[in-house]
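A.B. asks: Given next are the chains, with one letter for each unit.
6 protein chains.
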Amino acid sequence: MTGERSYGRTAEGLRPVSFEPGFVRSATGSALIAIGETRVICTASVEESVPRWMTGRGTGWLTAEYGMLPASTGQRKARDVTKGRADGRTVEIQRLIGRSLRGVVDFSALGERTVYVDCDVLQADGGTRCASITGGFVALQLACERLVADGLLERLPLTGSVAAVSAGIVDGVPLLDLDYPEDSTAEVDANVVMTGEGGLVEVQATAERTPLSRAHLDDLLALAERGIAELRAAQEAAVAAGRPA
Amino acid sequence: MTGERSYGRTAEGLRPVSFEPGFVRSATGSALIAIGETRVICTASVEESVPRWMTGRGTGWLTAEYGMLPASTGQRKARDVTKGRADGRTVEIQRLIGRSLRGVVDFSALGERTVYVDCDVLQADGGTRCASITGGFVALQLACERLVADGLLERLPLTGSVAAVSAGIVDGVPLLDLDYPEDSTAEVDANVVMTGEGGLVEVQATAERTPLSRAHLDDLLALAERGIAELRAAQEAAVAAGRPA
Amino acid sequence: MTGERSYGRTAEGLRPVSFEPGFVRSATGSALIAIGETRVICTASVEESVPRWMTGRGTGWLTAEYGMLPASTGQRKARDVTKGRADGRTVEIQRLIGRSLRGVVDFSALGERTVYVDCDVLQADGGTRCASITGGFVALQLACERLVADGLLERLPLTGSVAAVSAGIVDGVPLLDLDYPEDSTAEVDANVVMTGEGGLVEVQATAERTPLSRAHLDDLLALAERGIAELRAAQEAAVAAGRPA
Amino acid sequence: MTGERSYGRTAEGLRPVSFEPGFVRSATGSALIAIGETRVICTASVEESVPRWMTGRGTGWLTAEYGMLPASTGQRKARDVTKGRADGRTVEIQRLIGRSLRGVVDFSALGERTVYVDCDVLQADGGTRCASITGGFVALQLACERLVADGLLERLPLTGSVAAVSAGIVDGVPLLDLDYPEDSTAEVDANVVMTGEGGLVEVQATAERTPLSRAHLDDLLALAERGIAELRAAQEAAVAAGRPA
Amino acid sequence: MTGERSYGRTAEGLRPVSFEPGFVRSATGSALIAIGETRVICTASVEESVPRWMTGRGTGWLTAEYGMLPASTGQRKARDVTKGRADGRTVEIQRLIGRSLRGVVDFSALGERTVYVDCDVLQADGGTRCASITGGFVALQLACERLVADGLLERLPLTGSVAAVSAGIVDGVPLLDLDYPEDSTAEVDANVVMTGEGGLVEVQATAERTPLSRAHLDDLLALAERGIAELRAAQEAAVAAGRPA
Amino acid sequence: MTGERSYGRTAEGLRPVSFEPGFVRSATGSALIAIGETRVICTASVEESVPRWMTGRGTGWLTAEYGMLPASTGQRKARDVTKGRADGRTVEIQRLIGRSLRGVVDFSALGERTVYVDCDVLQADGGTRCASITGGFVALQLACERLVADGLLERLPLTGSVAAVSAGIVDGVPLLDLDYPEDSTAEVDANVVMTGEGGLVEVQATAERTPLSRAHLDDLLALAERGIAELRAAQEAAVAAGRPA
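Protein chains in written order, with the UniProt record's numbering: chain A, 1 to 245; chain B, 1 to 245; chain C, 1 to 245; chain D, 1 to 245; chain E, 1 to 245; chain F, 1 to 245.
If you're looking for bench data, these hints aren't it; they were derived computationally from the structure. Values in this document were obtained by computation on a predicted structure and should not be read as measured data. It is possible that part of the hints are untrue.
Since the list gives no way to pick out one identical chain from another, each pair is judged satisfied if it fits inside one copy or across any two copies.
In silico EDC-like cross-links for lysine to aspartate or glutamate, where the CA-CA straight-line distance does not exceed 20 Å [said to hold, decoys possible]:
(1) Lys83 x Glu112
(2) Lys83 x Glu154
(3) Lys77 x Glu48
(4) Lys77 x Glu37
(5) Lys77 x Asp183
(6) Lys77 x Glu197
(7) Lys77 x Glu47
(8) Lys83 x Glu236
(9) Lys77 x Glu20
(10) Lys83 x Glu37
(11) Lys83 x Glu208
Chain A with its partners taken away, still in its complex shape (with noise of 0.2 Å):
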C-alpha cells in the first residue's frame, strides 16, 4: 500500500458520499447510498405490528436486514438462499445495523409498529456495513416523516441520528474509510458508530495481524469523528431533497 488513496484523498478523507432519497419508491422511505463505488440501497417499511411477544406494551420495534445482490461482488457471491440460511457474516452485520438504528429510535413515540430496514449491495468495495447503517439512518428518518405527513404520528419517533464509517491501520498508518484493496491488507480494522452529536453506539476494532495499541485505537476513534461529521452534513442534505412536500 505505498501507492496514492483512490480519488487522491488523504489518510483523513472519505470517498465521495452521495444520496438518492426515494429510490424505491414503493418503500415507506428509502435511499441509495454512495461512498466511492460502494453502492447500497437502503429502504425502510413499516408495518401497523409487533413481534407477539411485545404485543400490548404500546412500543415498536425495528429489525434490519442485509444482504449482497450476487454481482456485487467481483467474484459472483451465491445467494445466502442457496445454502438455505444467512452465512455468519450476514448475520453479524445486520445485528450491528439493527442495534445502531434502535440506539436513536424512540420506541414509545413510534407506537405499536414494526420498522423494517433493508440494506442491499449493489457494489461492494469496501465499507459496506458502514454505507447500510449511514444510508439506512437517512430512509428511516425519511420513512418516520411519511408517517408524520401522513398524520399516523404526531412527532419524529427518533431521538438523533446516527451514522457509521471505518478507520484502520494499514502499513503503519491509520487511515480513514477503507476502500476494498485497503481493507484486505488492513493489519487493524474498525468501524465505528456515532450519532450526530459525537455520542459513541458501538466501536468495533479488529487486530487482524498485530495487536493494536491504545494509542492507535485514539487515533482510528478520531478519524471517525472527523469522517461522522461530514456524513452527517450529507445525511442532512439528503433528508431535505426526499422529504415529503
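Model the placement of chains B, C, D, E and F on the given structure of chain A, informed by the hints.
C.D. replies: Same frame as chain A, now just chains B, C, D, E and F:
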C-alpha cells in the same frame, strides 16, 4: 376495470420502457430495466467453469436467478432466506427466465463458461418475470460483448435475441402488458417469450377464473407479437448505448 | 426418432389409458392412472378446515402435491426430503396441478374445507404432470361424491371436469402424448389443460431447441383437443366405476 | 378390546398376506405387500457404486428408506419434505429396515454396488415397519436374481432370508400381528425380525403402559416365531412367481 | 477380544459408576453420570406449560433430547446444527430415552407441566444411551423433589424408577456393560431398560453379524437384570445426596 | 443496581476464577473454566487436515464453535438444531472467539492441521463469550503442548496468549466483569480481548441505551486491562497444572 389504463395507453399499448445499461459496474454485463413502475436490476456474471456434470464437453451453461427486494411490493415481502428456501413462485419464475435465455445462447461458442443472470426486482407493479427476461437479455448481450472486447471470445455466442411481455383478458377485453391492478382482476393471464425474429420461445397462458377460447388465445398472441417488436427496438438501443468502447 | 411409435400408434394417438378407481382405500377419493408405462397414484383427502388466512369466509381451498417414488425412473431419484426441499421441477409441477384443478372447483359450494390432491408417480415414462391432472381430477370427483353420499354436501362442488395431455414436435412432426424417449428429443414440448367442455385452462409450450411457429402451435393445440376428448371419456367411465354405492 | 379380531382370526393368527411381485416395473426388484389393510410398495434399486468412504474395498452396501404416502392414514399426513426433514419415527423405522436387511446380505459377493430398498406405505393399518422388512426382502431377492440373470453376479449375494412381525399384549392377552386399533390400546408392543432359519435378527419390545414380565416376553417371542414361519412361506411363493424367466 | 476387560472386571461386571448430583446449578434437577470413561451431563428442566395439543387436559409431558459434545469421541464429531438436522442415531436414541422415562411418570400428578430431560455426552466410551437413561432418571427425580420442596406439587409424580444397561455377545461370550472397543466387535448388542422393581420397559437386541439364539437372548436379559440392580442402588444414593434440604 | 456486587467485590473486581484443565479426557486439550456462576467447557481438537481451499500451502487453521447447553440458562433454551440453524447471537459469538484465538496462532508452525475450539456453556451468568475466549486459550495451549509432547510439532505454534473480559456502565458507574443481572441493566456493554503482553486484539463496545463518551470508553479499557492481567495469571497456573507430563 372500467377505468382508463395507466399512462393513458390503449389496450394495445406498452407502458413506457427504459433501460440503464451498465447499472452495476461490478458485473460483467448489467442493465436496470423499467417498464412503468416495474423496475428490475439485471446482471450477467461469467465464471470460467461449468457445473461438474458438464466438464470436458467444451460447452457452456447459463443459469438464472430471480429475487424480490423486500420493499419492492406494497406490503414488505420477507426474504426467501428467512424461510430457508425459495418460494414456489420464485422457483417457477427463475426456471422460465433460464429456459428463455438459454434458447438464444450458442453454448459451443461460449466454451466452458457459466453465465449467471440475476434478476432482482426493485419495484414490482406487474410483469416482473417478463421484464426480467427482457432486461436479462440486455445484461447477457453486454456481458458477451465484454468477453469479445476482452479477447476471451472471437464472436458473440448468441443465436438471436429474446424478449417477453404479458397479455391478458380483463373484463372480457384482451390487453397488452398488464400492470398489477389489471393482473389482479384478469380472467386470463399469459406470458409470451419470443425471439427478435418472431419465433415463439415459450407461451404460458393461465385461465384464472373462466376457461379461455382459442379465439382469445389468438388475440393474446397477436398483442404479444406487437409488444415484443417494440421491446426489441428498445433492447437494441440499450445495447448500443452500453456496449464496451 | 425415425422409428415407430410405442403401441403402434399414429402421430395423433394416445397411449393406452386405464384407471383403477378406489386404489387407496384410506383416501376419501383415489385412482391409479396408467398411460402407457406412466403410472401415477392420485388421492384426494378432505380436511374440515381451511388455511388460517381464509377462515371465516365460508369458502374452501384445494392444494396439490406431486412426488416421484425413488424407483419410478430408470435411475433411482433421491427423495426430496434428503435435500430438505422440493426441487424446482417438483414445485413447478405441483403449482400447475393445483391451478388446473382449482379451475373447476366451486369453492363456495365446498364450504370451509381443504382438499389435498396428492399425485405420487409410481412409474415415469413421460407425461407425468398431465397424468397427474387427469387422474387427480378422478380422485377429486370421487372424493366430492363421497362427501355428497355421506351427507356432508348437498351437491357436487364442481363446475366441470378437467384433463391434460402433452404434445410436441419431434423431427419436425407434431405428435400427441410423448413418451419419455420422444420427450427427450422433442424440439418443442407443450402441455395443454382443458375442461371437458373444451375450454383452455392452461397452455404451456416450450421450444427446447428451435423457436416455434404459430402454425405449429396451432397443430399442437388441435392434437391436444383430440386427446383430451378421449381422456374425458375414460375419466367418466372411471368415476362411474368408482362412485360410492 | 373385548371384541373379535379382524378377519375372525385367533390370538395367534396373522391377517391375510399377499404379494404382487414386479409391481414397479422401473425398479430392479419390487413387490407390493398387503397384510390385511396395510399395503406397502417395496422396491430395490441397484447402483453401480458405493458411498465414497467404502470405495476400493470391493464390498457393497444396502440402505433403506421408508415413507408414508400422505393419504395412507385416516387423517392426511404431511410430507416430510414440507418440514424439511424426516420425522423421528421415520428415521427410527428406516434404520431398523436397513439393519434387518443388511443382516442377510453377503456384501463381498455383491461387489461395489449399493442397493436402495425403498418402502412406501400405500395404506397404514398397523405393522408397517414389519411389512416393509418382509416385503423389502422380496424386492431385494428379486433384484439380486435379476443381477444374476443379467450376468452381473455369479451367485445370489444373500446368506438367508429375513421377515418381521409384530406381537403385543392387549388387555393382558398376547396377540400376534396387531392391527391399528389393537396397536393403539396395547400395553406392550414388540417387533421381531427373524431369519428364515429362525435366528433372531432384532427384537424391540416396548412397554407403553405397564412394565413387561419375562414370561410375557417369552409369549410374544413364541407368537412371533409362528408368524414368521408363515410369512416365510409367502415370501418364497412371491419370489418364485416374480423371478425373472 | 481375547484380552482382559477394562477395570479387571468379569463378564458379569459393570464398570465403576458414579454420580455428581446437582452438577448444573441452573437446572431444576441435574446429575453428571460416569460409567467408566463414559460421562453424560443430565439435566431436567421444568416448564409451566404443555404442548398445544395437550392443553386443557390437566396432564403433563416429558420429552428427552440427546447430544454429543464435539470432543466427546476420539475423532471430533461435527455438531448436528452444522448439517441442520439431528442425525439418525441421535433421533433414535432420544426417542428411546423419552419413552423409557415417560414409563415411570404419573402425568396426572405432574399437572400441566413439561419436563425436558437433556442428556449431553461429555465423553463417549460405549453405553451412552443407557447412561443417559440411568442418569436422566436421577436428574428427573431431583427435579420432581425440587417441585415438591417448592410447594408446586404435593407428591412425587413418579410411579417408580428406571435404569438401563447394555449387554452383548463378544466372541461368543455374553458380557455385561460393553465399552467402546467391545461394542465395536460385538456380534450382538442389546440395550435393556428396567424399572427398579424389575419389570422390563424396553428391550432392544440387534444381531450385528450372526443371528441370535433364544438361549443367548436369555443370557443377555439375565446379565442386564444383575447390572440394573447395581445401578438402582447407585441411583438411590445419588438422589439421597442431591436431594434439596 | 444500587446494591452490592456479587462476591462482595468492588467496581474493579473480577468474580472468582478457576480452571479444571483436562476436564474432557477425549479431547486433545481441554479446560472447564468457571467465572463466578458462569461455567464453560472448552476443548481443542486437532485434525490432520485443513479445509480444501487451504490445501497445499503448508499452513493450518483454527475454527471456533460456541453452544449453550439447554439448561444453562434460567429458562431452558431450545437447541439450535431444533430450528435447523445457529441463532444470530451464536454466530456472532463464535466468529469473535475464532478471530481472537487465531490472533495468537502461528499457522506456519502449526502445519496443515485444523484446530477446533469448542466452547459449550454449562451455566450462563453473564460473560460467556469472554469466558469462552479465556478458557478456549487454555484448551488450545494444552492441545499444542500435547502435539509437541507427542513429537508432532517441534515447538509451540503460539505467538502469545489471549484472554477476554467484559466491562460496562451500570447506573453511570464503570464496572468490571458484569454478571447477568448487571449486564441486563447496563447502559453500555464492552468486551475486550487482549494479548498477555497487553495488546488489544478486539474491542467491542455497544451503547444499549445512551451513547458512550470517549472518557467512559477510556475507563472501560482501563478496567479491562486490569482484569485481563489477573486472568492471564490464572491461565498460566491452569496450563502448568494441566501440561502433559
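A.B. asks: Indicate, hint by hint, whether the structure satisfies it.
C.D. replies: Each hint, compared with the structure:
For the homomeric pair Lys83 and Glu112, neither the shortest alpha-carbon distance inside one copy (34 Å) nor that between copies (24 Å) is at most 20 Å. Taking identical chains as interchangeable, the C-alpha atoms of Lys83 and Glu154 are never at most 20 Å apart, the minima being 44 Å within one chain and 36 Å between chains. When the C-alpha separation of Lys77 and Glu48 is checked against a cutoff of 20 Å, the pair qualifies only between copies, where the shortest distance is 14 Å, while the shortest distance within a copy is 34 Å. Within a single copy, Lys77 and Glu37 get their C-alpha atoms as close as 17 Å, which meets the 20 Å cut-off; across copies the closest is 28 Å, which misses it.
Taking the shortest alpha-carbon separations for Lys77 and Asp183, only the intra-copy value of 18 Å comes in at or below 20 Å, while the best inter-copy value is 33 Å. Within a single copy, Lys77 and Glu197 get their C-alpha atoms no closer than 37 Å, and across copies no closer than 35 Å, so neither meets the 20 Å cut-off. For a Cα distance limit of 20 Å, the shortest separation of Lys77 from Glu47 across copies, 11 Å, qualifies, whereas the shortest one inside one copy, 30 Å, does not. For the homomeric pair Lys83 and Glu236, neither the shortest alpha-carbon distance inside one copy (39 Å) nor that between copies (37 Å) is at most 20 Å.
Within a single copy, Lys77 and Glu20 get their C-alpha atoms no closer than 25 Å, and across copies no closer than 23 Å, so neither meets the 20 Å cut-off. For a Cα distance limit of 20 Å, the shortest separation of Lys83 from Glu37 qualifies neither inside one copy, at 28 Å, nor across copies, at 32 Å. In the homo-oligomer, the alpha carbons of Lys83 and Glu208 never lie at most 20 Å apart, since the shortest distance is 28 Å inside one protomer and 29 Å across protomers.
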